[in-house]
Amino acid sequence: MEANKFEEVFESKLAKNEMVEPKDWMPENYRKHLIRQISQHAHSEIVGMLPEGNWITRAPSLRSKVVLLAKVQDEGGHGLYLYTAAETLGISRDELLNNLHTGKAKYSSIFNYPTLTWADIGAVGWLVDGAAIMNQVMLQRTSYGPYARAMVRICKEESFHQRQGFEIMTRLAFGTDEQKAMAQDALNRWWYPTMMMFGPPDSESPNSENAIKWRIKRETNDQLRQRFVNQTVPQIHYLGLTVPDQNLKWNEDKKGYDFSQPDWVEFKNVISGNGPCNKERLAARNKAHNDGAWVREAAQAFAKKRKEIYEAA
Amino acid sequence: MDLKTALFNYTLRLGDTNLILGQRLSEWTGHGPFLEEDLALTNIALDITGAAKSFLEYAASVENKGRTEDDLAYFRNDRQFFNVQLTELPNGDYARTIVRQVFMDCFDFYFYQELSKSKDETLAGIAQKSIKEVTYHLRHSSSWVERFGDGTNESHIKAQNALNELWQFTDELFEMNEVDEVLIKEGIAVDLSIVKTKWDQYITELLNKSTLSKPENVFMQTGSRKGVHTEHLGYILAEMQALPRMYPNAKW
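Listed in order, the protein sequences are those of chains A and B. Okay, so the first sequence: first residue is 1 according to my numbering, each after it adds one. Okay, so the second sequence: first residue is 1001 according to my numbering, each after it adds one.
Derived from the structure by calculation, the hints contain no laboratory data. What you are looking at is a predicted structure, and each value in this text was computed from that prediction instead of being measured. A virtual CB, placed ideally from N, CA and C, is assigned to each residue, including glycine. Just to be clear, a hint being listed does not mean it is correct.
What the hints assert, rightly or not - Simulated pairs of lysine to any residue, SDA-like, Cα-Cα distance not exceeding 20 Å:
id, chain 1, residue 1, chain 2, residue 2
1, B, 1214, B, 1132
2, B, 1209, A, 310
3, B, 1132, A, 70
4, A, 268, A, 189
5, A, 307, B, 1209
6, A, 104, A, 287
7, A, 304, B, 1153
8, A, 304, B, 1143
Said to hold, decoys possible - Facing chain B, a subset of chain A residues (Cβ under 10 Å, in silico):
id, residue
9, 62
10, 68
11, 145
12, 287
13, 293
14, 300
15, 301
16, 305
Start from the sequences, fold in the hints, and give me the full structure.
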């Protein structure tokens, strides 16, 4: 087949809502975009283990400790499916990790904010996983097969996490005065960073156009952000907490809330390495990887010896 | 010692040992040597912490004074904890964590097989559930001992150092006191001398297979059966218990 024939097949798959699979021909910029997006997502899961892991040893009840351990384990599992999905596009795990460790690859900048109190574990589950689901639900029908299938499983687990987070917030918000204050404080600190998770306003988002054509994305940043606010504000009211936005107002015409934009200057700074925890997160990932080098080498050396014994027999 | 006191104390010992080991293991979450291993260790921490919860729930119900498993976990001080000292030692490098783990997994593997025959139905039930999990844990830690022992020179040295340092804490696993005597008579507790024979045999074979040497003539540490611990436990509890103690009236 000639090159333009390949392209035609690819385009017709997109048009018919069919999946593109690893062995199918795909345009180079499609492959690149997917590697970037899937690996960013994988890195986010792995780095995201750090702020949540921060509270495992201090979880205030045995039940909440077990639940949090299970949750953080799920996040690691998501990282694993996603790295595997990225590998089907012809890049190795070592290369992907190297891009993370050297700061070349990005991860969700939300994880560059600290988890200061137990309420932050509630807020991360409820708001951050809630926003993640909103971004990810559409990816279950994305055009690249391995990514879409990974997302089906991930979305199921994420909605479980969101309920867990909301449960922590509920206990706090209906608990003692001190617990309620803890919940409000967490909401105040996580509200705007969560809104940033949908990315810059559409007018400034360079990746959206192709992403929508390729079904890597199905809604724009601003549409998703609006939907998140509409969904979350009633939950905040249910908890008896206050939305930290004086401009928040129901707009009957658009059947949605008007709200303040997050601080996009802060967003750009956190993305480019100046958030409160960027350096710590990257240092922690690098330390784990470097400290683990002798473990990986031992496993390889052992496997090699066993193979030689097996082949000699 | 009456039966109820003995059963309460015995169940606390099992609960505390699992709780503190789970606490230590979960410090690895997010920091493992590679992703698959990070997941495996977190999963093991989860199983072990789950077992701790079951034992402490039962201890609270045996005691029958209105305390919950969380009261037992979060509102006792270090002199009231009965976990074996091996569990509270710092993780160290991965070889040290794995060697500690193989000691504990091997103990649990044989211990739960015996406990599953207990006349106490609750203890037998927790043991039956745990056997499945511990079978996997032991396979995991044993396979790493082999890899380290017969892997690289560096991994061999690290594993041997860990063995040499931790061996002094292994005898405590098998110590029996009045609590055990009272309960063994009733067919409730496990005769740990049976477990010790099997443990010794398994560990000796594993170390041989892994080209590692079993430490000899080691002076053995003791204390946990009386609530006497290393300096490390105080810090573990300070971290673990901080939040409930800061807000004693709160429910989480």
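So, going through the hints one by one against the coordinates:
At roughly 28 Å between alpha-carbon atoms, residue 1214/B and residue 1132/B are farther apart than 20 Å, so this suggested pair is violated. As the CA atoms of residue 1209/B and residue 310/A are separated by approximately 16 Å, the hinted pair is consistent with the 20 Å bound. A threshold of 20 Å between alpha carbons decides the hint, and for residue 1132/B with residue 70/A the separation of about 18 Å falls inside it, so the pair holds. In summary, the hint linking residue 268/A to residue 189/A is supported, as the alpha carbons are separated by about 17 Å, within the 20 Å threshold.
For the proposed pair residue 307/A and residue 1209/B, the alpha carbon gap of about 16 Å is at most 20 Å, so the pair holds. A C-alpha spacing of about 17 Å is found between residue 104/A and residue 287/A, which places the hinted pair at or below 20 Å, so the restraint holds. Restraint check for residue 304/A and residue 1153/B: satisfied, since their Cα atoms lie roughly 14 Å apart, inside the 20 Å limit. The hinted pair formed by residue 304/A and residue 1143/B meets the criterion: a straight-line CA distance of about 15 Å does not exceed 20 Å.
A distance limit of 10 Å between C-beta atoms decides the matter here; for residue 62/A the minimum to chain B is near 4 Å, and the interface restraint holds. The interface hint given for residue 68/A holds, since its Cβ lies 9 Å from the closest Cβ of chain B, which is under the 10 Å cut-off. Given the 10 Å rule on beta carbons, the hint for residue 145/A is violated: about 23 Å separates it from the nearest Cβ of chain B. For residue 287/A, the interface hint holds, the least distance from its beta-carbon to any beta-carbon of chain B being 7 Å, beneath 10 Å.
The criterion of a C-beta within 10 Å of any C-beta in chain B is met by residue 293/A, whose closest approach is roughly 8 Å, and the hint holds. Using the Cβ-Cβ criterion of 10 Å, the hint placing residue 300/A at the interface with chain B is satisfied: the shortest such distance is roughly 8 Å. At a threshold of 10 Å, the smallest CB-CB gap from residue 301/A to chain B is about 5 Å, leaving the interface hint in force. About 7 Å separates the beta-carbon of residue 305/A from the nearest beta-carbon of chain B, less than 10 Å, and the hint is met.
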